[in-house]
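Build the full structure now, drawing on both the sequences and the hints.
Protein chains in written order, with our numbering: chain A, 9 to 282; chain B, -11 to 346; chain C, 201 to 528.
Here are some of the chain B residues that sit facing chain A, going by a computed Cβ distance under 10 angstroms: (1) Ser0; (2) Leu187; (3) Gln199; (4) Asn216; (5) Val227; (6) Gly271.
These are calculated hints, taken from the structure and not from any lab test.
Don't be surprised by glycine CBs; every beta carbon is placed ideally from N, CA and C.
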Amino acid sequence: MLDTQKDEGYTTADGRKIGGVAMEMRNITLRFGGVVAIKDISFDIRWGEIRAIIGPNGAGKSSMLNVISGSYHPQEGDVIYKGYKRPKMRPYQVARMGIARTFQNIALFEGMSVLDNIMTGRLHHMKANLFQQAMWWGKAEREETENRAQVEKIIDFLEIQHIRKTPVSRLPYGLKKRVELARALAAEPSILLLDEPMAGMNVEEKEDMSRFILDVNDEFGTTTVLIEHDMGVVMDLSDRVVVMDYGKKIGDGTPDEVRNNEEVIKAYLGVAHE
Amino acid sequence: MLYREAGDFKTSYVADNQTFPIRFDRIGYYVILGVAFLVVPLFITDYWANSIVVPFLIYTIAALGLNILIGYCGQLSLGTGAFMAVGAYGSYKLMTAFPELNIIFVIILAGFITAGVGVLFGLPSLRIKGFYLAVATLAAQFFLIWLFTRQGWFYNYSPTGMISAPTREVFGYPVTGPRASAVSMYMICLCFLVATAWLARNLTRGSLGRQWMAIRDMDIAAEIIGVNPLMAKLTAFAVSSFFIGISGALLFTVYLGAAEAGEAFGIDKSFLVLFMVIIGGLGSIFGAFAGAAFLIVGPVMLKLLLVNTLGWPTDMAAHLEIMIIGALIIVFLIAEPHGIAALWRTIKEKLRLWPFPY
Amino acid sequence: MPDTLLFAMEATLNGLTAGVMYALVALGFVLIFKASGIFNFAQGVLALFAALTLVGFQSGQIPFSHLINAIFGTRLHHFGWNMPTVLAIPATVLVMILLAILIERYILKHLVNQEPIILFMATIGLAYFLEGLGDVMWGAEVKALDVGLPKGMSSAVDEATFAWFGYGFYIDRLELWAAGIAAILVASLTIFSQYTKQGRALRAVADDHQAALSVGISLRFIWVLTWSIAGIVALVAGIMWGSKSGVQFSLSLIALKALPVLILGGFTSIPGAIVGGLIIGVGEKLFDFFMQPIIGGATENWFAYMLALVFLLFRPQGLFGERIIERV
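Set out below in structure tokens:
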């Protein structure tokens, strides 16, 4: 156990209690060949908060998310999760430790129904072995039913009852995004990673999605890390914001602090925003 | 008016998860099972058993197996012929080494042996996929067949290099060897088919089936969601090979009676089963049945038409047959990549709304 | 010099010449894969089909005569003339181009943007179709193919090696010719792709489909072009294999040997196809030579695939291929 658990968190402006440190990134450096994608970045994520990572294109936000979800292994630095240094592990092992995510370019399983996609999210809540499943006896059938009940709660919550049995490939973009969120939520994650949850949406869909993100945080107390381009949305949603530019951290704090940060203003306004 | 979901309310998730959610389908399923077990045995003749029914039952098992690997888990294999050979030679070695062992256990054990070999040759799938994997499975195909034709231990050093199945009985009825009757051959194959189809259905509707399909649809995302690719792919190889091994064991012990690996289990068998899966429908249990039926019955019909009716030479009919099969594969891949099963599904969807499609 | 070493050297030389043959088939694969990303399983059958057509033209066979006879009860077989080779080869080239056009129009066009695995399976279907078509058109019996290439033992090699080692190596003159022709083929393909407009378009498409389309290169034309070239390469391979061992079904099985060649060489590299072919050719001959006493013969059936398997596990991109990086 490392010494990160001492501090007790803070209370947000709207009165939500934020807990101690859930995950801490310590001096992360990530290189691809000669290219440095992330350069010596440190920040923490606290229980129950909505943490945003923002920055211009190519700032290294997605790489950072991939480090958290275990897809990329940084050359230097440590990921401290629940007080322990996380060893190098495969992405599926990271997922089983309670980290779920959505993807920037929707990564749903196109050949499966909405229900099956969301059920896939509950993978590590299902323990029946090959033989039990082959016979469909006892544990296998019981688990299927129990987990189905859990999934139905999420389906209700995200208001996608009507498309439950529809093949994902037939859904429009906005609904796909919502199903992907449902799949991530189905895992009952400790930390939820959202990679540009509002990319490509119209205003109405963005409002819906923002509401869902806030509701999820409210209802389940899920710690959420999100990457987003839309500054307005980020500032409204998040409790604290990390700002990245060219792989470096240039700001970290509440939305108000970040908004008044010289360097952030330079990065966002000084260069043309795409 | 019978084919409806309306009014057939599901009040539990168990009921909602069942295999045939529409009552009409459920009744149809029991009727077919009843006919298969009670009516067909009364009428089956040697001709029907040998030319159509028994090969259909046996190849359906192989198609179920390959469909799990390709259709559900997305891993292309061209080694089906060799895995069937493993089942055949496994059952042969078991039958000759343990003459007292019941044939049913022999066939199941041969399935497990094949599963083991399948896992071994499935290991490369962790690093490679698509046609790279297809080449790796070709290695299995050619190496295993070489092993079975060149290494005397596998065929008990028989001078002809052939293996032949001794007579074995179930409940006093011979099911293998020359004394086996059409009915007993039919019944043992039917029992194995029903059992394997039931297993396949269970495995594909649960958590494991979803892991396979996740790997198939998007393997990188699947791993990030929490699917262990090693486990998912290797279980698919194991289950698939288990089915294919049982099919190979039945083909040798019950149907052929005597076999030589190169002849009976060459690469053409791999393609035959692959075509059954493609034409029947990738990722569908029903598709395995449909594809096997199509490719077993089709050539028989074609031969009846061309050779027996029109009097064409046999080799001409055979050449036309492979031409037609090749063309059908292309047509299906272009027009309906999910095969006969998808056509059937479309018809059913229409039927559910008939006669008021709006 | 000990005999074993001499025999091994001879096996190596034979392996090299066999490797040239594998490389010829692999070359056709690489061309199509580079231009369209399609793994063309039918390449070997294409060689068989080309060779059958060539023999058919040469001997003045009537196409589909068996089918016509079966339907109408006639007894047609030959036109009654023999076409000289200099005419028969261009005629076969025309047939292969026509075939390329038909393949593009009736298959590829409908499978644009499909997953590679679907396209791969479609080419398996195509292989079956062409195999049946070849048999229906020209009959399935084994045919001798003679385009006037010299055959038999090369006495020059025999004498030279006898003078050096006191033991004459047996090399078929046909195989020396095959090596020479393969070299010419590769050279002309290189010149074509480097110095002609179509060649540049081809390389552009191979590099980036979208970009090539956006500068006005017609993808459909490129496909017809590559399949035509692949058909011509198949014809060359068909002539070589056909002259050596007769035109028969087993010819299409050499296509399968080309698959491990490609794994070794990398799917996108022409030099890779050549080197891969040579490695496989030499490897399987030497392996068989040394292992036969221990594990028995006919290891040539699987050696290439097993070697490819080992390669796949440790270097999936092949010797010369480009590394594949994937992300969500």
